[in-house]
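Chemist: Generate coordinates for the entire structure from the input sequences, incorporating the hints supplied.
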Amino acid sequence: MRWLKTIVAEIFGLFVDDGGFSLTILIWLAAAWWVLPRLGVSTTWRGIVLFAGLALILAESTTRSSRK
Amino acid sequence: MIVDGARVWPTVVAAFLGSLVEFVEALTVVLAVGTARGWRGALIGSGAAFVLLLALVAALGPALARLPLHIVQLTVGPLLLLFGMRWLRKAILRSAGVIPRHDEQAAYANNTQSLRRHAAARPGWDAVAVAAAFKITMLEGLEVAFILIALGAAGAGLLVPASLGALAALALVVLLGILVHRPLASIPENTLKFIVGVLLTAFGTFWVGEGMGFAWPRQDGSILGLVAGFLAVALLAIRRCRTHTPRG
Numbered sequence: 001m002r003w004l005k006t007i008v009a010e011i012f013g014l015f016v017d018d019g020g021f022s023l024t025i026l027i028w029l030a031a032a033w034w035v036l037p038r039l040g041v042s043t044t045w046r047g048i049v050l051f052a053g054l055a056l057i058l059a060e061s062t063t064r065s066s067r068k
Numbered sequence: 069m070i071v072d073g074a075r076v077w078p079t080v081v082a083a084f085l086g087s088l089v090e091f092v093e094a095l096t097v098v099l100a101v102g103t104a105r106g107w108r109g110a111l112i113g114s115g116a117a118f119v120l121l122l123a124l125v126a127a128l129g130p131a132l133a134r135l136p137l138h139i140v141q142l143t144v145g146p147l148l149l150l151f152g153m154r155w156l157r158k159a160i161l162r163s164a165g166v167i168p169r170h171d172e173q174a175a176y177a178n179n180t181q182s183l184r185r186h187a188a189a190r191p192g193w194d195a196v197a198v199a200a201a202f203k204i205t206m207l208e209g210l211e212v213a214f215i216l217i218a219l220g221a222a223g224a225g226l227l228v229p230a231s232l233g234a235l236a237a238l239a240l241v242v243l244l245g246i247l248v249h250r251p252l253a254s255i256p257e258n259t260l261k262f263i264v265g266v267l268l269t270a271f272g273t274f275w276v277g278e279g280m281g282f283a284w285p286r287q288d289g290s291i292l293g294l295v296a297g298f299l300a301v302a303l304l305a306i307r308r309c310r311t312h313t314p315r316g
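Residue numbers (my numbering), protein chains in the order written: chain A, 1 to 68; chain B, 69 to 316.
Don't read these hints as lab results, they were simulated from the structure.
Among the hints, erroneous ones may be present.
[Claimed, not checked] Have a look at the derived ranges for each label pair, beta carbon to beta carbon:
#, chain 1, residue 1, chain 2, residue 2, range
1, A, A31, B, P285, 20 to 28 Å
2, A, G13, B, L120, 40 to 48 Å
3, A, L39, B, G289, 24 to 32 Å
4, B, V119, A, R64, 36 to 44 Å
5, B, V119, A, E10, 15 to 23 Å
6, B, T259, A, R38, 40 to 48 Å
Just so it is clear, CB atoms sit at the ideal spot from N, CA and C, and this is done for glycine as well.
Modeler: In structure tokens form, the structure reads like this:
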């Protein structure tokens, strides 16, 4: 079963390096999907808000890592 | 089959550059295996992994193309985003000097040394060589396979141009490997990873947005805007990280 664990770990590692970073991205995607329409944000602006959130997550994560 | 022209070239470029980075890393270990244990085992291991990866792409790629597009966008899109942003984050941290860059020469030396520590290869079947070459080709190849499947799932007929981009990268790396016969340390791996990270993050954002029913201004043209936006954010992040990283 060790080989199976290795394969699962490798596939997981393709998408997750820093767990907090990946989790924040997923939470933001879910929030953008469910919250933005309920806030009455127009469909055109939703994409721009989605990008802005992802850009912020990337900037915050790299800055935090550089401070460690 | 009609292929959306606006998506073909970005797909080919992303597949080519992403695959190039992974094949360069795989070549380093395969060269170490060949040098330390002999070429027969190295080529059998790599060949077997390559066939398995081809089968994976050939099975999953067309299967995803049969699913409704918004389902694919909402499943593959977030995965592509996680994959692309992981690459981009790492490339930013490497460019800023927060984490060390990947050193092909050091990886080659370490692998050669480690492979020589095992019992000497006997004529015939060398399990150590086959396993080492198989493992590295599978590990690096899985990333290539994911890039191809994800890029190919974005639209009808895109799997073929994505695969051609990856095959061109493979041919280039194999040719250079045969010619120079040492790790391709002069290829700017981190810069390539940075560019591919920007491209995949932009594609992932676009597809997730489409899957969620968001209306992108200028439709496919928004991909270029997203590429420019993520590029600007990533370059600013490098500058910001450099100011926070202690020198010495």
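Chemist: Compare the structure with each hint and give your call.
Modeler: Okay, the hints, checked on the actual structure:
Restraint check, A31 (chain A) to P285 (chain B): a C-beta distance of roughly 22 Å satisfies the suggested window 20 to 28 Å. Evaluation of the 40 to 48 Å hint for G13 (chain A) and L120 (chain B) yields a failure: the beta carbon distance comes to about 19 Å. Range check, L39 (chain A) to G289 (chain B): about 26 Å between beta-carbon atoms, so the 24 to 32 Å window is met. Roughly 42 Å separates the CB atoms of V119 (chain B) and R64 (chain A), a value that falls within the hinted 36 to 44 Å.
At roughly 19 Å, the beta-carbon separation of V119 (chain B) and E10 (chain A) lies within the given 15 to 23 Å, and the hint holds. Taken as a hint, the range 40 to 48 Å holds for the pair T259 (chain B) and R38 (chain A), whose Cβ atoms sit roughly 42 Å apart.
Of the hints listed earlier, the one the structure fails to meet is number 2.
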